[in-house]
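On the provided structure of chain A, position chain B as indicated by the hints.
Residue numbers (the numbering used here), protein chains in the order written: chain A, 18 to 242; chain B, 938 to 1047.
In short, the hints are calculated from the structure, not lab data. Heads up, some of the hints might be wrong.
Claimed, not checked - Chain B side only, calculated, beta carbon under 8 Å to chain A, not exhaustive:
1) TYR963
2) MET965
3) ALA975
4) GLY976
5) SER980
6) ILE981
7) TYR985
8) LEU986
9) GLU1007
10) ARG1008
11) ALA1012
12) GLY1039
As the list claims (entries may be wrong) - Simulated restraints, written as ranges between beta carbons of each label pair:
13) B:PHE947 with A:ARG148: 25 to 35 Å
14) A:GLY230 with B:GLY1039: 41 to 51 Å
15) B:PRO1020 with A:THR231: 47 to 57 Å
16) B:PHE947 with A:TYR166: 23 to 33 Å
Each residue gets a CB set at the ideal place from its N, CA and C atoms; glycine is no exception.
Given next are the chains, with one letter for each unit.
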Amino acid sequence: MNLQRRIRIASMIFGIHRLRTRFWFLMAHLLKIPTKLVVTMIHSTSQRRVKKINRSTAVFQKRVDSILPELRNLNQLTERRRNRVLAERSALLEESEHLRGQIQAPYSAPGATALMTAVGYFQIKLADIGRKTTSFSRLISRIDCDTFYGELLLWLVVPCVDSEALTGDLSEEYLLQISTKGEAGAKAWYRYQLATTLRDCLWKKFERLAAIGTLIDLVGRRFRK
Amino acid sequence: MGQRDYLGEFEQLVLLAIVRLSENAYGMTIRREIEKRAGRPTSIGAVYLTLDRMEQKGFIQSNLGEATPERGGRAKRFFKVNPSGREMLDKSLLAVQKMALGHFPLPEVL
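The shape of chain A in the complex, shown without the other chains (with noise of 0.2 Å):
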């Protein structure tokens, strides 16, 4: 076992690693100036609905004070304007439902969806990378052991979300597997999980290529068009 061959290769895909982690950094930073325009916009369309809504429930409270006192002696009026006050409380009630309802109203702002999207997308990178220095510093404390090749080749391949339990799940069968088939035995054993996990999981890798692949030619089309 060369321990230093090994720590070369490790400390050079960890290099690797930091320059994604860097770029997902800067492109989570660029993200702030569109979300400034955003929650400024947003900001601004709340101010004109606020004033909006003080406007309109001024209006509401002339219209409501006018008819009070004839609303409370209703048996005094005449029919026909009973009649008016009644309709024009109707009138007062529907009004209100549409306040309310414009006060309830979420405020947005053109391309806030989309900003979330993208926001959501951002969050569930960062977390991603994280995960996967938390799980590189935990092949590299093991950097001595017979699978340390296969460790580091599923923690490059394998997403996230299971690269640590796939490679424990692993590491647990192969020590079984010692004691059953002896070391030579586990070692082909392993080597052919490897092998079979990277085919699938490179497999998936490229599906998902060809589709967006797929996605893109297929607008390009329609523009061309």
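Chain B alone, transformed into the frame defined by chain A:
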């Protein structure tokens, strides 16, 4: 329901393995169970990809267990079948039984 209204053959095997293993269903035991009972050599990667897909569809759920030294300090990820997964599994098995009825006598399970 989910993205589609049926289960693939491997998805059925994985769900059945989780049901059989109940509390002890994690990646490696599921793989072992499929290999032992269905006689089908399976990679742990294929098992995890299927588990992820079914978790996204809401058929199963997972939670992290304890980390042990023989696993290199890594936690186990235990799986449990949701009611929607159970319903889907029952539907799929019933469909197979209905198709086989009268033409393919089902072999006795040992």
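Please flag the earlier hints that this structure goes against, numbers listed from lowest up.
-> Hints 3, 4, 12, 15 are the ones this structure does not satisfy, whereas the remaining hints hold.
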